[in-house]
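Trainee: Sequence:
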Amino acid sequence: MFEVAEYIGTIAFAMSGFFVAVRSRLDFLGTLISVFLTAFGGGIIRDVMVDRTPFAFSYDMPAIIVTIMMFVLILFKFHKRQNVENKAFFILSDSIGLVSFSITGALIALESGLNFTGVLALSFMTAVGGGITRDIIINEVPFVFKAGFYGTVALIIGAMLFMLNVFDLVDFYTTVTVFVFGVTLRLVAYYKKWSVPLI
106 MFEVAEYIGT IAFAMSGFFV AVRSRLDFLG TLISVFLTAF GGGIIRDVMV DRTPFAFSYD
166 MPAIIVTIMM FVLILFKFHK RQNVENKAFF ILSDSIGLVS FSITGALIAL ESGLNFTGVL
226 ALSFMTAVGG GITRDIIINE VPFVFKAGFY GTVALIIGAM LFMLNVFDLV DFYTTVTVFV
286 FGVTLRLVAY YKKWSVPLI
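Its first residue numbered 106, the sequence shown is counted upward by one per residue in our numbering.
One should not assume that every hint holds.
What the hints assert, rightly or not - Below, computed lysine-lysine pairings styled on DSBU-like, alpha-carbon distance capped at 30 Å:
1. K297 with K192
2. K182 with K251
3. K298 with K185
4. K251 with K192
5. K185 with K251
6. K251 with K297
7. K192 with K182
8. K185 with K297
9. K298 with K192
10. K298 with K251
Simulated from the structure, these hints should not be mistaken for laboratory data.
The model shown is predicted, which means the values in this text are computed figures rather than measured ones.
Given these sequences and hints, build the entire structure.
Mentor: Here it is as structure tokens:
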């Protein structure tokens, strides 16, 4: 269950990192860094926080997936398309990545015996850590700090999985249900323009 969510999140965030790099007009090396940071950054932060060898450093498949995704996106000339970040394809892939990594963060936190705060922290950092690192490197305000309901979705996912674990209900079916709910919530929040109140 963890590996499935991890691979789904890696694919989705590799695409997200590619589109951000294209918008920022980065060269090939910059695009490669953006893609790898977005896809792996949050998971690396998560694993370091619980004293695990990062998943991306232990298995070859994540790097293979990201390399294939970059090749496919370049082959189909996605880097030539305008305003791709406003397209439904980008919004959907980014939402899937956000929710998938929120789930993997929460699952690792639960496996590590962390409390409610720990589950929320790992869920949040896994989902947005890579994007924050990427945005800082390309000198932008991190997306999560200006995108309304984005980070809130990660916290909700973490809270849901924590409560399911309290009642020993975390299994394949409940996790899929949380995934579908999370993606739906993110899409509705985006198109309804929900946001966290400004200070």
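Trainee: Which of the numbered hints are not met once you compare them with the structure shown?
Mentor: Failing hints: none at all.
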